[in-house]
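Novice: Going by our numbering, the first residue of the sequence shown is number 1408, and it counts up by one from there.
Don't read these hints as lab results, they were simulated from the structure. Hints may be right or wrong, so weigh each one.
[Stated by the list, open to error] Derived lysine-lysine pairs resembling PhoX-like cross-links, with alpha carbons at most 20 Å apart: (1) Lys1963 / Lys1944; (2) Lys1573 / Lys1551; (3) Lys1810 / Lys1798; (4) Lys1798 / Lys1775; (5) Lys1945 / Lys2029; (6) Lys2029 / Lys1944.
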Amino acid sequence: MSARLPLVLRQLGRLQPPGPPRRLRELCLASSGGGGGCGGGEGLLGQRRLRDTQAGSSRGPGSRAPPARDSIVREVIQNSKEVLSLLRGKNPAFKPVLAIIQAGDDNLMQEINQNLAEEAGLNITHICLPADSSEDEIIDEILKINEDTRVHGLALQISETSFSNKILNALKPEKDVDGVTDVNLGKLVRGDARECFVSPVARAVIELLEKSGVNLDGKKILVIGAHGSLEATLQCLFQRKGSMTMSSQWKTPQLQSKLHEADIVILGSPKPEEIPLSWIQPGTTVLNCSHDFLSGKLGRSSPGVHGTGPIAEDVSLLAAALRIQNMVSIRRWFHEQQYRRWRLHCLKLQPLSPVPSDIEISRAQTPKAVDILAKEIGLLADEIEIYGKSKAKVRLSLLERLKDQADGKYVLVAGITPTPLGEGKSTVTIGLVQALTAHLNINSFACLRQPSQGPTFGVKGGAAGGGYAQVIPMEEFNLHLTGDIHAITAANNLLAAAIDTRILHENTQTDKALYNRLVASVNGVREFSEIQLARLKKLGINKTDPSALTEEEMRKFARLDIDPSTITWQRVLDTNDRFLRKVTIGQGNTEKGSSRQAQFDIAVASEVMAVLALTDSLTDMKERLGRMVVASDRSGQPVTTGDLGTPVFVHAGPFANIAHGNSSVLADKIALKLVGEEGYVVTEAGFGADIGMEKFFNIKCRASGLVPSVVVLVATVRALKMHGGGPSVTAGVPLKKEYTEENLQLVADGCCNLEKQIQIAQLFGVPVVVALNVFKTDTRAEIDLVCELAKRAGAFDAVPCYHWSIGGKGSVDLAQAVREAASKKSRFQFLYDVQLPIVEKIRTIAQAVYGAEDIELSPEAQSKIDRYTEQGFGNLPICMAKTHLSLSHQPDKKGVPKDFILPISDVRASIGAGFIYPLVGTMSTMPGLPTRPCFYDIDLDTETEQVKGLF
């Protein structure tokens, strides 16, 4: 043991008052803490067997020698040190931090706390406030520490008069090492002592008595002058030892008789002078927990306790040591970072028949409060940012906390080529997670994309799943959520405005005027911003003084010289509006003839959205945003957002047919850590396996480094009949009888599409489980036929699913099949080498995935490929923008089209996101509304104040 602890013990010894050495006195040195609370928050303990002090008196045969105080302190600190050493063996970077908020100057207390903490291996920090700090000033400091993830424990060292319920309960219970909050006290009273912090002062009382050999069973305990948490904790602990506990105040009329009856007396506050010491019977054990201990006052003795009289053992250091041990009990906090079964209390589901509408089901179920849900799945309170009652964002600090935890299994839900109505991948995703979590008791997460309002108000009417397998509350999920798509729209359009504005200013100003406005003098100081310094570095200009640039350097810096014909950055809007596919901008008189033809894309096709979905940290996101290429200059060099200034926002919902169509990498990574090694994360790829799944593997998995365990391929009898030659399916038009009556031949013929999609998944070496999403019109024979043909085609398993009608119970077979498939070793591989030329990568996807004979590039597409290759972007993966309604580029070609040439009409580059973006055929990046959009049915009920019409 180092010299620090003996030093503290010597310091304590020097604090003892002069006079007879064996005398009852008030010891005021110990750990700081909250008023009346447990962690050094109530006062100093002193303990000795009181005895008759008349001349010639001696210990009787029943007397016990006082415990060796120093050895107990050493034992507590050594135990704390060993526990922390074990924890650091699993996480070398782990070192807990205790913060003490102190009002007033007490350097000795600081030194003692510091030495004890360092001896045990803790970090400690003191926040010193003026002695006259107000309640609000103290609470402000408490709230700051509450939210500081670097601090694991918090104690208060303030005057007794400063303590109030408002201050004590401002403490976050998880950091309340003194056990003064109502939450910690409540857990103690309920018998959950292992789940809470218990007062070190109260613990010290019990520790000293038991180490002295006192049998507390049946003893009469009198607690005098204690208040609040100290009184409650002492009573609770003594009662559990079988003691009979009484509480009294110093002015109680029957105090003398109570003192005569007591075997043990606990002093919760200084003894008034008018109370004679003789009231305490000889042989009574007395422990002093005076409140002076809380404030850190180093008083000498209680009033009226002087001269000859009873004595008390000096145990002042033990409370401080036990607070350190309480800090070590954050091992509970540490263990909660590791994998464990969630303590998740699943909501009860009571399915009705016939199944009500999706929105009726959603409103019939009351969502669990998101803060409660977060706690059940292992999120810390400071790791979530709550939006209302049912939504929250998760802080990225979680990834650092769980960085050493093994990931769970990674499951992708894809599908066959769908009908325009969709085949229920989101529903299957939710149903699978319901089955894994609620029925198989396996930690599992669903990671979905945020719905775009374009299709929500256009065709789909929502994207939350359906029936008894949906995200609730569906209105909040489908409409705005936490506003991320709107933030992306604003960031995207800010950049678009910056591009056109920069062209205007460069066209209308001289080099010198432009440079002086870009690097203006502010309050007499002229300097480059961080973004401007980055541009200088890119240009090879190693100067930081704006006045040091030559005229040529100023010109190069100030002029981006953008070629308007090469601008690839478009404005976006989260609405299906076909009339914005081609627009003319800059027609106002103030724009001085700077008009050009442009277009709007749907917001979820923005490269900003793709960057968000593919990034793995804020730093990475900032770098990707800065790399986004928006145009070329007149010499053919790329112009990036870093040249203009980087817009930053924050979550993700990229389209699958015109973007990469997957939820965010960060969402998946956070979920994989939270579920733990034995858990499952189920995420969805948009549309068919030929689109969303291919991009998931070739783009998202390259970016994230994550390896999928299983592909769940969703199919429906309805879609298979369409691929088998059934009549066309149109949104808003009733299905023909071929889809509502048994027709085994159509099903068998249509399974060619299912077989092709299974083969596509097998190209990547991942096992496939087919999930047949069952509709009420499907017959047993049709269901059995699909499952049989899927297995023949190479599926690991194929199971019918009924989650839409009965929730997770209807997907238990699917969950078991997924678990079995995930136990097999994945042989995952990418489809192509990114170092191949752009044309060859496009051709590989067209032939191996879509089944095309070859590709055909338009002159514009070829020109773009040549330019991107010359600019150094030829080694990026490919993100094909193609119709989702066919394996080919023609939506009406169902089944498995053959002998077709895939036309590439244009090629764009999302350099920040990290992919090349070919447009296939007539693919548009701004969807249009149908003749009868869904918004005809979406309305506000003014009586209930609820949105209606979503489905």
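Novice: Is the Cα-Cα distance between Lys1798 and Lys1775 20 Å or less?
Specialist: Within the cut-off at roughly 10 Å; holds.
Novice: Taking only the CA atoms, is the gap from Lys1810 to Lys1798 under or equal to 20 Å?
Specialist: violated, 25 Å
Novice: Sort out whether Lys1944 lies within 20 Å of Lys2029, counting only the CA atoms.
Specialist: The given pair, whose Cα atoms are some 17 Å apart, holds under the 20 Å limit.
Novice: Are the Cα positions of Lys1963 and Lys1944 separated by 20 Å at most?
Specialist: Within the cut-off at roughly 12 Å; holds.
Novice: CA of Lys1945 to CA of Lys2029, is that 20 Å or under?
Specialist: Between Lys1945 and Lys2029 the Cα gap is close to 17 Å, so the pair holds against 20 Å.
Novice: For the pair we were handed, Lys1573 and Lys1551, check the Cα-Cα distance against 20 Å.
Specialist: holds, 16 Å
Violated hint for the displayed structure: number 3, the only one.
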